[in-house]
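A.B. asks: Single-letter residue listing:
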Amino acid sequence: MNLPSATACKNNQPTTTAPRLSLACLGVCCLLPILAGCGQTPAATFRPNMVESAKQRLQPEQEQQVATILEAMFGTPDNPVVLPETGLDIAKLRLAAGPVHSDIVGRKNGLFREHCSHCHGVTGDGMGPTAAFLNPYPRDYRPGWFKFKSTERADKPTHADLVTILNNGIYGTSMPSFELLGETKVDALVEYVKYLSMRGEAELSLMRYYFELDDEDEGKLPETRDFLIEEILLPVAERWQEAEDAVIEVPEMPEVDLTESIAMGKELFYGNKANCVKCHGVTALGDGQANDYDDWNKVVKQWSAELQSAHETSTSDMTSEERSEHRAWLAKSDRVLAGDALDPRTIQPRNLRQAIYRGGRRPLDLYYRIHAGINGAPMPAAAGTLSPDEIWHIVNYIRSLPYEFDGELGADRSMVARDRL
Amino acid sequence: MRNRLAGLFWSLLFLAVPVLGVAVFAVAPSIDVWLPKDVSAHGKEIDSLFYFILALTGVVFIVTEMLLFWFIWKYDVAARGEEKATYIHGSHTLEVIWTIIPAVVMLFLAIYQMNAWADVKMRRPVMKPTVEVVARQFEWRLRYPGPDEELGTPDDLFLVNDLHVPVDEDVLVQLKSMDVLHSFFLPNLRIKQDAVPGMKIPVWFKATETGQYDLVCAELCGWGHYKMKGRITIESREDFDAWLEQKYREQEATQPNPQEDML
Numbered sequence: 001m002n003l004p005s006a007t008a009c010k011n012n013q014p015t016t017t018a019p020r021l022s023l024a025c026l027g028v029c030c031l032l033p034i035l036a037g038c039g040q041t042p043a044a045t046f047r048p049n050m051v052e053s054a055k056q057r058l059q060p061e062q063e064q065q066v067a068t069i070l071e072a073m074f075g076t077p078d079n080p081v082v083l084p085e086t087g088l089d090i091a092k093l094r095l096a097a098g099p100v101h102s103d104i105v106g107r108k109n110g111l112f113r114e115h116c117s118h119c120h121g122v123t124g125d126g127m128g129p130t131a132a133f134l135n136p137y138p139r140d141y142r143p144g145w146f147k148f149k150s151t152e153r154a155d156k157p158t159h160a161d162l163v164t165i166l167n168n169g170i171y172g173t174s175m176p177s178f179e180l181l182g183e184t185k186v187d188a189l190v191e192y193v194k195y196l197s198m199r200g201e202a203e204l205s206l207m208r209y210y211f212e213l214d215d216e217d218e219g220k221l222p223e224t225r226d227f228l229i230e231e232i233l234l235p236v237a238e239r240w241q242e243a244e245d246a247v248i249e250v251p252e253m254p255e256v257d258l259t260e261s262i263a264m265g266k267e268l269f270y271g272n273k274a275n276c277v278k279c280h281g282v283t284a285l286g287d288g289q290a291n292d293y294d295d296w297n298k299v300v301k302q303w304s305a306e307l308q309s310a311h312e313t314s315t316s317d318m319t320s321e322e323r324s325e326h327r328a329w330l331a332k333s334d335r336v337l338a339g340d341a342l343d344p345r346t347i348q349p350r351n352l353r354q355a356i357y358r359g360g361r362r363p364l365d366l367y368y369r370i371h372a373g374i375n376g377a378p379m380p381a382a383a384g385t386l387s388p389d390e391i392w393h394i395v396n397y398i399r400s401l402p403y404e405f406d407g408e409l410g411a412d413r414s415m416v417a418r419d420r421l
Numbered sequence: 001m002r003n004r005l006a007g008l009f010w011s012l013l014f015l016a017v018p019v020l021g022v023a024v025f026a027v028a029p030s031i032d033v034w035l036p037k038d039v040s041a042h043g044k045e046i047d048s049l050f051y052f053i054l055a056l057t058g059v060v061f062i063v064t065e066m067l068l069f070w071f072i073w074k075y076d077v078a079a080r081g082e083e084k085a086t087y088i089h090g091s092h093t094l095e096v097i098w099t100i101i102p103a104v105v106m107l108f109l110a111i112y113q114m115n116a117w118a119d120v121k122m123r124r125p126v127m128k129p130t131v132e133v134v135a136r137q138f139e140w141r142l143r144y145p146g147p148d149e150e151l152g153t154p155d156d157l158f159l160v161n162d163l164h165v166p167v168d169e170d171v172l173v174q175l176k177s178m179d180v181l182h183s184f185f186l187p188n189l190r191i192k193q194d195a196v197p198g199m200k201i202p203v204w205f206k207a208t209e210t211g212q213y214d215l216v217c218a219e220l221c222g223w224g225h226y227k228m229k230g231r232i233t234i235e236s237r238e239d240f241d242a243w244l245e246q247k248y249r250e251q252e253a254t255q256p257n258p259q260e261d262m263l
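Protein chains in written order, with our numbering: chain A, 1 to 421; chain B, 1 to 263.
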């Protein structure tokens, strides 16, 4: 690097200054990267839910109004604000929010951006920079759908449920364990996830509300406290608070011989009543129906189908104004679909022979899973069709599957399917 | 004629390298950036090998750097006036010497460390694995074989990141990777072993002191490499067994709060 500049200098400068000049060149080269790193990075911002905005055909000024309201209710990524109605603890949120830094007592702040945002995104939209590499995709908190919890299918998870997920990670996905961060930090992160989720749900609710406006409103949402708190925030916040007392009651496991229970579970697994076999397959390797989607992927899938047909719709009976508006909307929607939504992927029914259980391996976890189904996934709730005893039989059968072996191959002991790989 | 100052500047700059280099090593232990505390049975041998090689390379480093300094100082054109340098094509004898000496040193090291290497990587204790460690982006999945001492049976205990081992006993880890290359690194036990997808690699050690230490990934394994941090707890046999039992009870829970039920 030093050499060419020295020779270049030599051509028109007296030789004595050449070393000094080349030194100066070297100095500048060393300084440049340092100077470049000194620039102020712009403050982090929440990304608007563009998919919903395009679906609801919001105007730019309406998008702006939603953003303004949300900022008043929830603040910014660096400076979260919460209203008492949310029941969230601002001290915990401050620990999790903002850029990564240590405060005056040396406590680490900005936990969400340190540990979570590269997959889940600063907004919690599941679209961080590493998201596209993962299968399954990271959870988008904004619709408020969570899979692994101790509450009924449509309910929110409890605080403790989310703590469990952070502590244990989700084995079988890219979500790792954060247990060693310690209780305080995990607690703060869970609070922040709830905050992002409530914010996302409030955003959806605001965007959908434009549909219900009268002509008098002139396409603007009312900004009264009554409307924002009563109509938008409370319905969201209350569901989170209600979840804390809505944990599924689990009856004791029936006192049947385990082998018998497993046999009954097996019958149910393959029978019409529980019909686990439909998706999990006759071999229980998760090779049944494999062309279904998670709900969030369905949203994108259906919407892209709608767009497709909108593209094919004839514009001949539109006025020229309508037509240009239609085209602008199509262009925006295509842009949003390409940049603000990940390609939908089919959901793989769980291979039950690997001894890998995403939502936890305790018999209790499996009971919750079968009782309430998996929110957002095709897995239905069995609570209405199966009795608690029957659910326990299936739990026992499922837990025996990784070790079930009929001995035909001459192996002398059971084996986890994973070990054969 | 060139300025005498330039020669002075460059020769002192070269002199600064050995001086600062030695100073960094002299100060390091007192500001706690030296080797982490060793709590393993084989660690002393590894450390003494490290010190031996450090001393050997240290001497060569100092001599080479001093020679560099001396040549720049001595043969600065400003100091030597108009006297021209002599052109030489090379010295066969010198080249042979500086090839043979390092070769002998290398050969000596290769033979000298053989026993230490065999202890750590070849002489595996005859036993069933204490625990299976599966590295994955970005965590350590652990599986203890349970009372029957067999992995892959219904009494296996599944955990993550929180590795416990008994003190003063041989520990055999069965190391696997689920996705990419990782490296199972226990700095305080002087253990570092790559985890390779598709391979089951045995790793063994004997801890000599109870305590909690880091378990980290020492192979850049992806974006979240920095968070792939676990913990190893070395404890007495009784504590270890009690912990295993407690964790197994938690894993088999059929009610939300098993602790309350037990009271």
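Bear in mind the hints are in silico, worked out from the structure with no lab data behind them. Watch out, some of these pointers could steer you wrong.
In silico lysine-lysine, DSSO-like type, Cα no more than 27 Å apart, as pairs [what the hints assert, rightly or not]:
#: 1; chain 1: B; residue 1: 200; chain 2: A; residue 2: 108
#: 2; chain 1: B; residue 1: 128; chain 2: B; residue 2: 227
#: 3; chain 1: A; residue 1: 220; chain 2: B; residue 2: 200
#: 4; chain 1: B; residue 1: 128; chain 2: A; residue 2: 108
#: 5; chain 1: A; residue 1: 147; chain 2: B; residue 2: 227
#: 6; chain 1: B; residue 1: 128; chain 2: A; residue 2: 185
#: 7; chain 1: A; residue 1: 185; chain 2: B; residue 2: 200
Heads up, incomplete: computed chain B residues facing chain A, CB under 10 Å, no partners named [what the hints assert, rightly or not]:
#: 8; residue: 26
#: 9; residue: 138
#: 10; residue: 222
In this text, a Cβ means the ideal position worked out from N, Cα and C, and glycines have one as well.
A.B. asks: Compare the structure with each hint and give your call.
C.D. replies: These are the hints, each one checked on the structure:
| no. | hint | in the structure |
| --- | --- | --- |
| 1 | B:200 / A:108 | violated, 38 Å |
| 2 | B:128 / B:227 | violated, 30 Å |
| 3 | A:220 / B:200 | violated, 63 Å |
| 4 | B:128 / A:108 | violated, 42 Å |
| 5 | A:147 / B:227 | holds, 24 Å |
| 6 | B:128 / A:185 | violated, 37 Å |
| 7 | A:185 / B:200 | violated, 35 Å |
| 8 | 26 | violated, 28 Å |
| 9 | 138 | holds, 5 Å |
| 10 | 222 | holds, 8 Å |
Hint compliance for this structure: hints 1, 2, 3, 4, 6, 7, 8 are broken, all remaining hints hold.
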